[in-house]
Amino acid sequence: MRLQRPLSPHLTVYSPQRGSVLSISMRISGIILLIPFLYVGLAPLFLSSGWATLPALLQSSVNPLLLGLEGLRDATSLQGSMNVVSQASLVCGSFLVLLTWALCAYHCLHPTTESLMEDWYLNTSFQFSPDFWKTHYILCVGLFVFALGLGIGTWLDFLVELSDAYADYAGCQLQDDLGPAFDRAQS
Numbered sequence: 001m002r003l004q005r006p007l008s009p010h011l012t013v014y015s016p017q018r019g020s021v022l023s024i025s026m027r028i029s030g031i032i033l034l035i036p037f038l039y040v041g042l043a044p045l046f047l048s049s050g051w052a053t054l055p056a057l058l059q060s061s062v063n064p065l066l067l068g069l070e071g072l073r074d075a076t077s078l079q080g081s082m083n084v085v086s087q088a089s090l091v092c093g094s095f096l097v098l099l100t101w102a103l104c105a106y107h108c109l110h111p112t113t114e115s116l117m118e119d120w121y122l123n124t125s126f127q128f129s130p131d132f133w134k135t136h137y138i139l140c141v142g143l144f145v146f147a148l149g150l151g152i153g154t155w156l157d158f159l160v161e162l163s164d165a166y167a168d169y170a171g172c173q174l175q176d177d178l179g180p181a182f183d184r185a186q187s
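Read in our numbering, the sequence shown has 150 at position 150, and its numbers run on one by one without any break.
By construction, these hints were calculated from the structure, which means they are not laboratory data. Keep in mind that this is a model prediction, so the values were computed, not measured. Each residue gets a CB set at the ideal place from its N, CA and C atoms; glycine is no exception. One should not assume that every hint holds.
To be verified - Taking CB as the label site, the calculated pair distances span:
id	residue 1	residue 2	range
1	ILE35	PRO9	29 to 37 Å
2	LEU33	ARG5	41 to 49 Å
3	PHE144	ARG5	38 to 46 Å
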């Protein structure tokens, strides 16, 4: 026989609070950052030959990014062909690096904002005023903008280096030799 008790409210009834949203986002960012390390660390346990086949596994699973880095290495070594790599795969791979960098910066700097707010306003009457929450939101948005700016700066630097490598490679192809640096060394 089923008892006729009222159901307790579910999580959808409650509105999200600042603390819960920040805590959940911190945990999600930690889990996302942990996935590549677990993949590389645990993959040899499931491979038949252990660490020997790990590079092949990584190349097959992250192929566009690895092809992009391989093409960049070939372009700077003045002897490879650039038909293997496309600029789209390099930009997509570097964008993944940007997202990971911004996520890592957020994950590392978020506890700093929490401790600053805790130490700054601990045991004061300012703690529960609207100014406290306004300051906290400004600090959190500033942290996000800083992390994103740091990631975008790193990404743009990578793209500039990539364009320099393409320009060097194109210059060598037009001269149909190993490049002007090699000519100077011969004479």
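Taking the hints in turn, this is what the structure says about them:
no. : hint                      : in the structure
1   : ILE35 x PRO9: 29 to 37 Å  : 33 Å, holds
2   : LEU33 x ARG5: 41 to 49 Å  : 43 Å, holds
3   : PHE144 x ARG5: 38 to 46 Å : 44 Å, holds
When held up to the earlier numbered hints, the structure conflicts with none and fits them all.
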